[in-house]
Every structure is written in structure tokens, then in C-alpha cells.
Amino acid sequence: MAEQLSFDLPVRAALGRDDFFVAPANAQAVAMIEDWQGWPSRKLVLAGPPGAGKTHLAHVWAALSGATIIDAADLAGADIAGLATGPVVVEDADRIAGSPPGEEALFHLHNLTLAEGHSLLLTAQSAPNFWPLALPDLASRMQATTLANLRAPDDTLLAALLMKLFADRQLSPSPEVLPYLARRMDRSFDAARRLVANLDETALSQGRPITRAMAAKVLDNMSE
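Quick note on this note's numbering: the sequence shown kicks off at 1391 and runs consecutively.
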């Protein structure tokens, strides 16, 4: 069968609270996001591996609090005083470690936001004590921030995550595909993301629906 042309259509991720599946691996983090007005010192670090749902929960919190979302990489050139006039989400905060302008910007944003009586949410892949920050005052403030962890997925959460990733891409695999994948794939959020992306590309190029046979072949190819 000749391969069909495939089109790289945009993935429309569903980022509302109702789209976030709660399971033991993330229940604590979800509860803390929903109870955000009770955060100690009005700040929280949300930590977890890639694809764990940090950005999704950050958007949920932004909708609840009216927060502005900014990537840590953009802090050095941002209007810190303007950001600090309301709640703020800083995504990938751990990635500014080792960047003097970025660390200085986060330090001032932290202080100004809290001084103005607003709340601050930071996302990262690990707890602040593992961030190699060069600015001692910033390191001490980050390490004093309450931490909520998103843990590795259990069977229920992994199946729900696959379902959401397929839905984000407007894909409808056959019913046996989800349990088949959940039993055999690498047990990580990032693996789920890559697997669904590969299945999407394969289905588009072959002009066929996603079946168990296709899933098995894609899994085999990814393990080589």
C-alpha cells in the first residue's frame, strides 16, 4: 500500500480541570492546587517528570487564581514589577539555574509577588534542593517553598493519560489498544507522549485506523 501524505496538524491539549484525571500518583498535587489559598507563605513548587501534568495543573491554577504564566527562560527580559501585580506561574523554574540574569529575575519576582500579597507557583522536574542555583538568597527561598510531587503513573493513571493524549490529537483507537499499550509500554509520562505521537504519525502515513496490530508494531520499533 502506497504511503499517504501526512499533515502535521496542531495538537489541541485539553487543559481544564475536568480534563485532569485524579489518581493516587497525583492526588496530593491536585488537592494542593485546588486549596491554593492555604499555601504556606503563598507559594508552591510543583515537581514531576516530563509529561506528568505540571503544565496542565499550572493552567488549572491560573484559571482559579487569575495568574499570569511565564516560562522561566523568559524571566530575564520580562517586566518583573508588572508580573508581580498579580499571581504568577513560572514554568520550568529549575532550568534557570546557572543563569545569573534568570536567577536574579526569579529572586526579585519571588520577593515582589509575595510582598504584594499574591501567590506564586513554580513548576520543575525536581525539588528545589536539587536545583544548582548560584544565588544563595534565591536557593534559600526556593528550598523553603512547599513542595507537591507528581509521581510515576499507576495502571489507572497511565490508561487515562493515554486516553487524554489520543483525544488531544482527535484520535479514536480501537477499544483493545489502551489496555494493550498500558501493559507493555515503558511506564512513564514521557513514554506515553512519544508513543501516541508515533501512533498518530503511523496512522496518518498509512491511512489506517489505530489497531492493536499497529500498536504492537510501533512498540517494537520504539524498543529497537
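Errors might be hidden in some of the hints.
To be verified - Computed Cβ-Cβ distance ranges for the label pairs, DEER-style:
#1 E1566 to P1526: 54 to 60 Å
#2 D1482 to A1505: 50 to 56 Å
#3 R1574 to H1498: 45 to 51 Å
#4 P1414 to A1587: 23 to 29 Å
#5 A1453 to R1598: 25 to 31 Å
#6 R1598 to A1517: 41 to 47 Å
#7 A1524 to Q1596: 29 to 35 Å
#8 V1412 to R1598: 32 to 38 Å
#9 A1524 to Q1560: 24 to 30 Å
#10 E1506 to A1463: 20 to 26 Å
#11 N1501 to E1566: 52 to 58 Å
No wet-lab data here; the hints were simulated from the structure.
Yeah, the Cβ is synthetic: ideal placement off N, Cα and C, and Gly gets one too.
(message) Given the hint of 54 to 60 Å, is the C-beta distance from E1566 to P1526 inside that range or not?
(response) Holds, since E1566 and P1526 (Cβ atoms, about 55 Å apart) stay within the stated range.
(message) Is 29 to 35 Å respected by the C-beta to C-beta distance linking A1524 and Q1596?
(response) 50 Å, violated
(request) Given the hint of 23 to 29 Å, check if P1414 and A1587 actually sit that far apart at their C-beta atoms. (result) Check passed, 27 Å falls within 23 to 29 Å.
(request) Starting from the hint 32 to 38 Å, judge whether the C-beta atoms of V1412 and R1598 obey it. (result) About 34 Å separates the Cβ atoms of V1412 and R1598, which means 32 to 38 Å holds.
(message) Is 24 to 30 Å respected by the C-beta to C-beta distance linking A1524 and Q1560?
(response) 45 Å Cβ-Cβ, so the 24 to 30 Å window is violated.
(request) May I ask you to test the hint 25 to 31 Å on the CB atoms belonging to A1453 and R1598? (result) Since A1453 and R1598 have Cβ atoms about 38 Å apart, the given range 25 to 31 Å is violated.
(message) Is 20 to 26 Å respected by the C-beta to C-beta distance linking E1506 and A1463?
(response) Hint holds: Cβ distance 23 Å, inside 20 to 26 Å.
(message) Between the beta carbons of D1482 and A1505, is the distance compatible with 50 to 56 Å?
(response) The hinted range 50 to 56 Å is violated for D1482 and A1505, with Cβ atoms some 24 Å apart.
(request) Evaluate the given range 45 to 51 Å for the C-beta pair formed by R1574 and H1498. (result) Distance hint for R1574, H1498 holds at roughly 48 Å.
(request) Could you see if the CB distance from N1501 to E1566 stays within 52 to 58 Å? (result) 54 Å Cβ-Cβ, so the 52 to 58 Å window holds.
(message) Does the beta carbon distance between R1598 and A1517 stay inside 41 to 47 Å, or does it fall outside?
(response) Taking Cβ atoms as reference, R1598 and A1517 lie about 44 Å apart, which means the hint holds.
In summary, the numbered hints that this structure violates are 2, 5, 7 and 9.
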